[in-house]
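**Q** Heads up: the sequence lines are chains A and B, in that order.
Going by the numbering used here, the first residue of the first sequence is number 1, and it counts up by one from there.
Going by the numbering used here, the first residue of the second sequence is number 1, and it counts up by one from there.
Once the Cα atoms are required to be at most 35 Å apart in a straight line, the calculated DSBU-like pairs of lysine-lysine come out as:
(1) A/Lys102 <-> B/Lys99
(2) B/Lys63 <-> A/Lys51
(3) B/Lys174 <-> B/Lys3
(4) A/Lys40 <-> B/Lys216
(5) B/Lys201 <-> B/Lys166
(6) B/Lys174 <-> A/Lys102
(7) B/Lys68 <-> B/Lys174
(8) B/Lys201 <-> A/Lys40
(9) B/Lys166 <-> A/Lys102
(10) B/Lys201 <-> B/Lys63
(11) B/Lys166 <-> B/Lys99
(12) B/Lys201 <-> B/Lys3
(13) A/Lys102 <-> B/Lys63
(14) A/Lys40 <-> B/Lys63
(15) B/Lys166 <-> A/Lys40
(16) A/Lys102 <-> B/Lys68
(17) A/Lys102 <-> B/Lys158
(18) A/Lys102 <-> B/Lys199
(19) A/Lys70 <-> A/Lys102
(20) A/Lys51 <-> B/Lys99
(21) A/Lys40 <-> A/Lys70
(22) B/Lys158 <-> A/Lys40
(23) A/Lys102 <-> B/Lys201
Facing chain A, a subset of chain B residues (Cβ under 8 Å, in silico):
(24) Met43
(25) Asn46
(26) Met47
(27) Gly49
(28) Pro51
(29) Tyr52
(30) Ser54
(31) Arg55
(32) Val56
(33) Arg154
FYI, nobody ran anything at the bench for these hints, they're computed from the structure.
Positions of the beta carbon are idealized from the N, C-alpha and C atoms, including for glycine.
What follows is the residue order along each chain.
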Amino acid sequence: MQPIDITDIQRRLDALVGQELYIHMEMTMGAYSAHHDTTKHPAANFISNAKIRFTHGSISGVGPYRVGLKLEKGWVYTEGLTHYDGGEEERLIMAGHDSSGKLVVSLLLGREPF
Amino acid sequence: MHKRILVVLPHPDDECFGLSGTLAKSIAEGATVTYACLTLGQMGRNMGGEPYASRVTLPSVRKVELEKSCQAIGIQDLRLLGFHDKTIEFEDRTLLDGKIEEIVQEVRPDVIYTFYPGYAVHADHDATGEAVVRVVGRMPREDRPPVRCMAFSRDHEKDIGQPDVKVDVSGYLKQKIASVLSHRTQFQVPGLDAENSHKSKEVQERFGTERFWTYKIK
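Just need the whole structure built from these sequences, with the hints factored in.
**A** So, in structure tokens, the structure goes:
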């Protein structure tokens, strides 16, 4: 994974417009957050291999970044993205890592299931 | 003492801090260990310090880490059961219990190690322990192997008391530390990667004893 290059992400998003894509999206505070600190409210969610098709997608912010994908009847929204896999040409693999390197959010898009 | 040991845990790395010393010790005494690992820990948050793994590569990276850990401990038989991280409590119980039961029937273990249901913090840990207890509970009483559980939730001793099994693994810290360090994406423990860390007093005190509660199956 490498720090997000906003121009490269936008180019990749544009290339995926209108296609049927598999999406993996998640946000997590970590399974042990409340164990380590009882004031924390543990929460996480993920959706894996749902199918979407977006008509318009863009990345914004100054880092960590936000990505919004406009669907025919709704939206996909993610905030906190910091890294992506630049070596992947077929799939778009993005994640947000905190200062200790732990994953907080992820957003993956691809033509094949993950 | 125990000849055939079955370990049932949900994530690669669940073995390293609480159990690897006991396993290395038992193996040195002649035991055979089968480790059934339910998932590949594919939803883990730790991708290595950099981070060098991703959500997509993590399962294959962690599989290799687990194989290295098993090698460090001396585990002879690793089974990957192919369930998905974070979903054990929601999994079809017939399927889940069936997979575990199959291995229990095949291995005929003298003892099973897993997590203590309800006192193991992560929902996958608790659900794995529950499944093992269900499977063993269905066996005729005289055939049941003891189920030794790891517990580490906050204040667990208030409810379940002191562990009835304490294993001195101070002679097997080299294997234990190697097991921990195998899970490179998951743990960066300061001071542990030094060459002679297993000899340090601090490490001996922190990692030298492993604790288990023998589950009382109704």
